[in-house]
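Novice: Model the full structure from these sequences, guided by the hints.
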Amino acid sequence: MEPAQPAAMVQDPLPPQEQERQPATAEPLPVAEGAAPQPHMSVAPAPEGEDALRVPLLCLDGFEGPLDLLLDLARAQKVDLSRISILQLVEQYLAVVESAQRVRLELAADWLVMAAWLAWLKSRLLLPAEDDLAAEGEDAAELLQERLIELACMGELARWLEARPRLGRDVWARGEAETLIEIDRSGLLLDMPQLMRAYMAAMRRTARKRIYAPRTIRFWTVQDALSRLTRLLGETPPGWNSLDAFLPETLPDMAVGEDALRQRRAAMAGTLIAGLELAKSGRLELRQDEIFGQILLRPHAATPRDEADDDHA
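Numbering-wise (the UniProt record's numbering), the sequence shown opens with residue 1 and increments by one.
Since the hints were derived computationally from the structure, they do not count as laboratory data.
Don't take each hint at face value.
[Claimed, not checked] For each label pair, taking beta carbons as the anchor points, the in silico distance ranges come out as: (1) L157 - P193: 34 to 40 Å; (2) T206 - L180: 37 to 43 Å; (3) A108 - K78: 24 to 30 Å; (4) E285 - T216: 45 to 51 Å; (5) P299 - Q223: 39 to 45 Å; (6) I181 - W160: 33 to 39 Å; (7) E146 - T179: 50 to 56 Å.
Think of the CB as a built atom: it goes at the ideal place given N, C-alpha and C, for glycine as much as any other residue.
Specialist: Structure (structure tokens):
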């Protein structure tokens, strides 16, 4: 009598006609006589027209169904993993892989990943919960170190006090008590709360932030230049006059250094703009013989005789 073949061995391939008639499922492991039946796993058949197998069907203590469903339930904590045997799961997975007639490599890899996830989740249940013994030990060590430092400080303070002169051993007081009476003839009555309030008020005034105010400089404006030109044009002799002659001799709030130079430039610019405005309105004439040369002006009411004299000169 020939011995029975183990369930892990791969069966002989069937002809294609027989394979189409029979689903690709794994038979359960053989059970010895008198032994309790063992859970088994089979493979869900693929739909017609597909060569790939689907998901292994498990038959374990506490669960019976596809492998992917077991993984989803385990992740959602809807199944008791403590009743699931990882050993039975591995044995059934190996039996399906070895007994299946055709299994694609990517499907077998997916099944292996699912089984590994289940094994990892089950291991989380088996491992003991992390306790805070290590943290408590570190806290106790830090507390002990702080107490040792405080003890060392107290020892240093005790030695410092011991080294100081002691009354009755190193130094002695006078034998007769002093009867000195201090008489205050100032006539000042000191109220400590009022003194503290006055002191705090003085400190607040001192610490009060000073608001920064930038230094302002008054410049010669165009309106000032218009007024001065209008007044001086009637007083100046006829003919061309330099623009510098109409600048103010003294500026308001005359500054020094760079500020004075800025005031002078502002007065020149204001006078030039005022002259252009008067020339635009026809009240005077402007002339400049060369680029960056001197600017000359005269009233517009000048006579031709004056112009001829100016040209002859």
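Novice: Does each hint hold? Answer for all of them.
Specialist: Quick rundown of the hints versus the structure:
no.	hint	in the structure
1	L157 - P193: 34 to 40 Å	holds (36 Å)
2	T206 - L180: 37 to 43 Å	holds (39 Å)
3	A108 - K78: 24 to 30 Å	holds (27 Å)
4	E285 - T216: 45 to 51 Å	violated (37 Å)
5	P299 - Q223: 39 to 45 Å	violated (20 Å)
6	I181 - W160: 33 to 39 Å	holds (37 Å)
7	E146 - T179: 50 to 56 Å	holds (52 Å)
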